[in-house]
Amino acid sequence: SAVISQKPSRDICQRGTSLTIQCQVDSQVTMMFWYRQQPGQSLTLIATANQGSEATYESGFVIDKFPISRPNLTFSTLTVSNMSPEDSSIYLCSVVIYEQYFGPGTRLTVT
Amino acid sequence: EDKVVQSPLSLVVHEGDTVTLNCSYEVTNFRSLLWYKQEKKAPTFLFMLTSSGIEKKSGRLSSILDKKELFSILNITATQTGDSAIYLCAVEHAGGTSYGKLTFGQGTILTVHP
Numbered sequence: 001s002a003v004i005s006q007k008p009s010r011d012i013c014q015r016g017t018s019l020t021i022q023c024q025v026d027s028q029v030t031m032m033f034w035y036r037q038q039p040g041q042s043l044t045l046i047a048t049a050n051q052g053s054e055a056t057y058e059s060g061f062v063i064d065k066f067p068i069s070r071p072n073l074t075f076s077t078l079t080v081s082n083m084s085p086e087d088s089s090i091y092l093c094s095v096v097i098y099e100q101y102f103g104p105g106t107r108l109t110v111t
Numbered sequence: 112e113d114k115v116v117q118s119p120l121s122l123v124v125h126e127g128d129t130v131t132l133n134c135s136y137e138v139t140n141f142r143s144l145l146w147y148k149q150e151k152k153a154p155t156f157l158f159m160l161t162s163s164g165i166e167k168k169s170g171r172l173s174s175i176l177d178k179k180e181l182f183s184i185l186n187i188t189a190t191q192t193g194d195s196a197i198y199l200c201a202v203e204h205a206g207g208t209s210y211g212k213l214t215f216g217q218g219t220i221l222t223v224h225p
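Heads up: the protein sequence lines correspond to chains A and B, in order. Reminder that position 102 of the first sequence reads as 102 in this note's numbering, one-by-one numbering, no gaps. Position in the second sequence (first residue = 1) + 111 = this note's numbering.
Simulated from the structure, these hints should not be mistaken for laboratory data. Hints may be right or wrong, so weigh each one.
To be verified - With a straight-line cut-off of 20 Å between C-alpha atoms, the simulated SDA-like cross-links for lysine to any residue are: (1) K7(A) <-> K151(B); (2) K148(B) <-> G211(B); (3) K152(B) <-> Q51(A); (4) K114(B) <-> Q38(A); (5) K114(B) <-> A205(B).
Here chain A stands alone, though its shape is the one from the complex:
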């Protein structure tokens, strides 16, 4: 299994600002994934973060809005840029170590 931590746990931000979410894993992993869960919805994959290469974004998500860094095999950040109320969601990072495990999540509210 994996122990995954995320910071911050929650935040309330004003529209137009940006927030960077950190994800730390206690094991070295090749791929990390970032998901979004909008209120009342299921989880949607934003992007896959590979160490040493550009992140791969899913349809509907772009790098300018959700820039991702992956400086080493245990850490990644997701930035939510130029936020609007529609970005209010839970953001989760996950890793695959045989099974897929999720971090505790970041609850973002944009006012």
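On the provided structure of chain A, position chain B as indicated by the hints.
Relative to the frame of chain A, chain B by itself:
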């Protein structure tokens, strides 16, 4: 387009009841099907299923996969109020750039009354 559909979307039962949650899927490059329980923010892992017909069991929970008919069920027997949560079904993709990606269903909201 990859699709994972869960039913029912919500379910209200009383303690001691048995429930069956359904998950059907249509995806390319299937690797596994996973069940998660979500109570607050983070989904917690329940089962990973890769082979048809082999039941996985953990306490009062069990799950099975049918790869021919493309569905899975999650059973919870003798439900307790602590089972109240959202149950998520997800399909993990295999191969190339899709490896490890999960496509989730909408979730089933289970409420267990005392």
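Here is what the structure says about each hint:
no.	hint	in the structure
1	K7(A) <-> K151(B)	16 Å, holds
2	K148(B) <-> G211(B)	19 Å, holds
3	K152(B) <-> Q51(A)	26 Å, violated
4	K114(B) <-> Q38(A)	18 Å, holds
5	K114(B) <-> A205(B)	15 Å, holds
Against the hints set out earlier in the document, a violation occurs for number 3 only.
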